[in-house]
Amino acid sequence: MDAENITAFNSSGGADASKQFIEKELIPQIDSSYRTLSKNLIIGHSLGGLFAINCLLESPGLFNYYLLIDPSWFWDHNYIGKRTREVLETKTDLNARVYIALANNSQEDNRHYKWGQEFYELLKNSASTKLDAKLRYFEDEKHLTVPVPATYYGLRYIFDGFELDINEVCKNPDLINKHDIEMSQKMGVEIKSDERFVNTLGYIALHDRNIPDVAVAIFEINSKNYPSSVNVWDSLADAYLVKGLKGKAKIC
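Reminder that position 190 of the sequence shown reads as 579 in my numbering, one-by-one numbering, no gaps.
Honestly, the hints are just simulated from the structure, not real lab data. Here the structure is a predicted model, which is why all the values come from computation and not from measurement. Don't take each hint at face value.
Stated by the list, open to error - Below, computed lysine-lysine pairings styled on BS3-like, alpha-carbon distance capped at 25 Å:
(1) Lys428 x Lys581
(2) Lys519 x Lys581
(3) Lys560 x Lys581
(4) Lys513 x Lys428
(5) Lys523 x Lys503
(6) Lys480 x Lys408
(7) Lys503 x Lys480
(8) Lys567 x Lys531
(9) Lys471 x Lys408
(10) Lys613 x Lys635
(11) Lys531 x Lys503
(12) Lys428 x Lys531
(13) Lys531 x Lys480
(14) Lys480 x Lys523
(15) Lys531 x Lys519
Model the full structure from these sequences, guided by the hints.
Below you can see the structure in the form of structure tokens.
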């Protein structure tokens with residue numbers, strides 16, 4: 390069956406209404422119910438991937454990060470590819486991070502892969518300097534099996550750099566501050582390393598690695614980031630006591 394001519398797709402459409410619902414109702418509801426950042430990510434598979442591309446091109450401020458999982462390039466004979474070329478000729482200020490996953494759909498003419506590759510090249514060569522894109526071809530996955538691995542690797546790409554290396558931090562605690570600055574610049578909002586995670590790093594340095602000076606430095610960074618937390622001051626006091634600094638421990 391030629392997917393481009395499936396009659397069920399004749400009634401498809403309504404992207405503008407869906408985007409309006411997401412912008413006016415869904416996102417405000419999520420923001421009012423949970424602690425969120427002012428950054429939005431969309432994951433779209435198949436026709437959902439087509440919708441996500443539409444958001445990128447026609448409503449670029451709606452999302453910041455895009456996971457495009459085997460989008461339906463065939464829709465209207467690769468209309469989205471043609472539209473991408475048109476948009477990128479005039480829009481030079483797109484700001485997004487895009488992950489494109491292609492499945493092995495075993496088409497004789499390989500058009501699905503070809504269209505996906507062309508889309509990636511358009512983004513890659515775009516005049517928008519803040520538009521980052523990566524493509525991965527999953528040779529061992531089909532259209533219906535690719536979402537799980539694509540989501541995993543896509544999220545790793547989107548959030549690349551967020552993980553702190555414990556061994557490196559134990560050598561240089563200031564890497565925590567450097568990491569937070571870099572991630573804040575990347576995300577466009579203030580990012581602070583998780584309090585409990587940094588506390589764990591401090592105790593690893595204090596007890597497992599037996600380097601109390603490093604532990605103190607780590608706990609001090611945590612106390613500056615979370616000054617109202619009893620937990621971080623208690624941990625800093627523990628490190629001071631190991632170093633024999635009872636006076637400083639009492640102040641904590």
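Here's how the hints hold up against the structure:
Restraint check for Lys428 and Lys581: the C-alpha separation of about 16 Å stays at or below 25 Å, so the hint holds. Restraint check: the Cα-Cα separation between Lys519 and Lys581 comes to about 23 Å, which is no more than 25 Å; the hinted pair holds. Taking the CA atoms of Lys560 and Lys581, the gap is near 20 Å; set against the 25 Å cutoff, the hint holds. A distance of roughly 22 Å separates the Cα atoms of Lys513 and Lys428; the hinted pair therefore holds under the 25 Å criterion.
Distance restraint check for Lys523 and Lys503: the Cα-Cα separation of roughly 15 Å lies within the 25 Å cut-off, and the hinted pair is therefore satisfied. Taken as a hint, the Lys480 and Lys408 pair is honoured in the structure, with Cα atoms around 20 Å apart against an allowance of 25 Å. Between Lys503 and Lys480 the CA atoms are separated by roughly 24 Å; this keeps the pair inside 25 Å, and the hint holds. For the given pair, Lys567 sits about 41 Å from Lys531 by alpha-carbon distance, which is inconsistent with the 25 Å threshold.
At most 25 Å may separate the alpha-carbon atoms for a hinted pair to count; Lys471 and Lys408 meet this at roughly 21 Å. A C-alpha spacing of about 20 Å is found between Lys613 and Lys635, which places the hinted pair at or below 25 Å, so the restraint holds. Restraint check for Lys531 and Lys503: satisfied, since their Cα atoms lie roughly 16 Å apart, inside the 25 Å limit. Taking the CA atoms of Lys428 and Lys531, the gap is near 31 Å; set against the 25 Å cutoff, the hint is violated.
Annotation: proposed proximity of Lys531 to Lys480 is violated, straight-line Cα distance about 33 Å (limit 25 Å). Between Lys480 and Lys523 the alpha-carbon distance is near 20 Å, which keeps this suggested pair within the 25 Å criterion. Our distance criterion of 25 Å between C-alpha atoms is broken by Lys531 and Lys519, whose separation comes to about 31 Å.
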